[in-house]
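**Student:** Here's the letter readout for the chains.
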Amino acid sequence: MSSPAPTPAASPAATWAPSRRELERRSVRRRLRRRSVLVATAATVLVVVVLGVGLVTSPGWPTVQATFFSLEDARASFPTILDGFWLNVRLFLLAQPLILVLALALALARQARAAWLTPVRVLAVLYTDFFRGVPTILLVLMFAFGMPALGLQGVPNSLFFWALVALVVSYSAYVAEVFRAGIESVHPSQLASADALGLSRAQAMRFVVVPQAVRRVVPPLLNDFISLTKDTALVSSVALFDALFSARDYASYSFNFTPYVVVSLFFVVLTVPLARLTDHLQRRARRREQAGGR
Amino acid sequence: MSALLEVSALRKSYGDRLVLDDVDLRVDRHDVVCLIGSSGSGKSTLLRCLNLLEEIDDGTIAFDGREISDPRVDPREVRGRIGMVFQSYNLFPHLSVLDNCTLAPRRVHGLGRRAAEDRARDLLDRFGLAEHVDQHPDRLSGGQQQRVALVRALCTRPELLLLDEITAALDPELVGDVLTAVRELAEQGTTMVLATHEMAFARDVATSVCFLHQGRILEQAPPAQLFTAPREERTRRFLRRVLPDVPTPPPSRSL
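These protein sequence lines map, in sequence, to chains A and B.
For the first sequence, the residue numbers in this note's numbering are 1 to 294.
For the second sequence, the residue numbers in this note's numbering are 1 to 255.
Just so you know, the hints here were simulated from the structure itself, not pulled from any lab data.
Among the hints, a few may not be true.
Here are some of the chain A residues that sit facing chain B, going by a computed Cβ distance under 8 Å [as the list claims (entries may be wrong)]:
no. : residue
1   : Ser19
2   : Arg21
3   : Ala204
4   : Asp249
Computed footprint of chain A on chain B; a stretch qualifies when at least three of its residues, placed anywhere within it, have a C-beta under 8 Å from a C-beta of chain A [said to hold, decoys possible]:
no. : segment
5   : 50–64
6   : 67–75
DEER-style ranges, computed between Cβ atoms [as the list claims (entries may be wrong)]:
no. : chain 1 : residue 1 : chain 2 : residue 2 : range
7   : A       : Arg20     : B       : His197    : 31 to 41 Å
8   : B       : His197    : A       : Leu123    : 52 to 62 Å
9   : A       : Leu199    : B       : Ser88     : 26 to 36 Å
10  : A       : Trp61     : B       : Ser88     : 29 to 39 Å
11  : A       : Arg215    : B       : Arg157    : 37 to 47 Å
12  : B       : His109    : A       : Leu94     : 55 to 65 Å
13  : A       : Arg248    : B       : Pro75     : 51 to 61 Å
Backbone N, C-alpha and C fix where the C-beta goes; we use that ideal spot for every residue, glycine too.
The shape of chain A in the complex, shown without the other chains (with noise of 0.2 Å):
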């Protein structure tokens, strides 16, 4: 730590420097902080150590080394996943802001007051209860192989389609949910506040109540989008060929499991950026808008 930077002259920080007993407890803050960071990495060293000797002393370790976690079977299998991967990636990437948009939708069509709007809220309400109560793989396999049966003109006939048209479905019903959450927990007197300086309900919601609400509900919405992520993988059971059903393929005529560690991997890479962007966005919102730790 280094004194303050010098401010203009008139400034009292310009004329101030710490005193002796502030520059010894810097110092002994610093030696507890090295303490810590020493006994931080002590540990984790530790468990790390004692998990892979547990892992690799037991009795099994051999064959499930030679099934699961081959080098050669990884390798050779890597750039089918790697290829079908990508299809999870596009299905993630589509659906997501279809998925966003279409629940806060739903969120704002229960919210509704207006009496015109009433068969709107009840359909949001049947949407959510039904969609979120049907497992979201019957709904891939019924869209992914009833739809196109249906021979419905101007709309694709693909599987990637309705495999994707599903998932909306399905995320939608629940993500409808969290958004509710979120609105519902803004306080009544903001609203009261709004109604008073003359805004509109739909203006109220619009500026006052969503934005608050969106912010609060963050992380739970990434939480389903990792969620989502790996979902994705649910379409390999209409025969899409996926990272899964790359993996699958791979594994059913060479025996050997390692392409599903491989497809984990891949999934884990996509999931924990996310989180961390998560972490980041929310640490600077509350920076912005609570004093420093209060």
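Position chain B relative to chain A; hints supplied.
**Tutor:** Structure of chain B alone, referenced to chain A:
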């Protein structure tokens, strides 16, 4: 006898903003020290520093003869001996009044459930809260909540009580209840440091009043002196603003 609390050359800044500058303060046992001054003068920050809620930039704080501003001191140990009440009560809304008051005695001070509850009921009773023991704080009025907060702080039998503008968030007609409770504590010899805007109260109860201005204790004196014959022009100006009836001392008395 040594002072219970001795602050010297305390300095605290948030980034570039200097909040406390070279503050010296001595509190003996049974003292009631009132901190007055406009908002932003550093009263709250000073109290937060005393309870080690803020890391200070320089100076020392000694409590009962031991320097507590040393980084090796366990702040929880210090806070076990110092009670604090906040402007906005900060009661725990998920606990009943009784549980709010027994939480620290049981979990921090290792008191048995029975003993903690007896102590809490006794104090709640004394402050006129007996009938609200099993209610949750949000059901009570602001004045009642603040008295609960006071009892919660007292239940750990602190040697020093820090009160941070505890009547500032209350309706005028509820202020009296809380001040009566504090006055009672003062009469029993509780050592207190309190930030307040209630000048009449400070005049009656304080053993010593400090006027803070821009992070410094500009003037410290017994209330009789500070309120009737303030030494500093700034103090006079502040008092004129908050107490329109304060007599302007003849020019010869001022320094």
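**Student:** Could you run down the list of hints and mark each one as holding or not?
**Tutor:** Against the structure, the hints come out as follows:
no.: 1; hint: Ser19; verdict: holds (5 Å)
no.: 2; hint: Arg21; verdict: holds (6 Å)
no.: 3; hint: Ala204; verdict: violated (25 Å)
no.: 4; hint: Asp249; verdict: violated (53 Å)
no.: 5; hint: 50–64; verdict: holds (count 4)
no.: 6; hint: 67–75; verdict: holds (count 4)
no.: 7; hint: A:Arg20 with B:His197: 31 to 41 Å; verdict: holds (38 Å)
no.: 8; hint: B:His197 with A:Leu123: 52 to 62 Å; verdict: holds (55 Å)
no.: 9; hint: A:Leu199 with B:Ser88: 26 to 36 Å; verdict: holds (28 Å)
no.: 10; hint: A:Trp61 with B:Ser88: 29 to 39 Å; verdict: violated (58 Å)
no.: 11; hint: A:Arg215 with B:Arg157: 37 to 47 Å; verdict: holds (42 Å)
no.: 12; hint: B:His109 with A:Leu94: 55 to 65 Å; verdict: holds (59 Å)
no.: 13; hint: A:Arg248 with B:Pro75: 51 to 61 Å; verdict: holds (56 Å)
In summary, the structure is inconsistent with hints 3, 4, 10 from the numbered list given earlier, while agreeing with the others.
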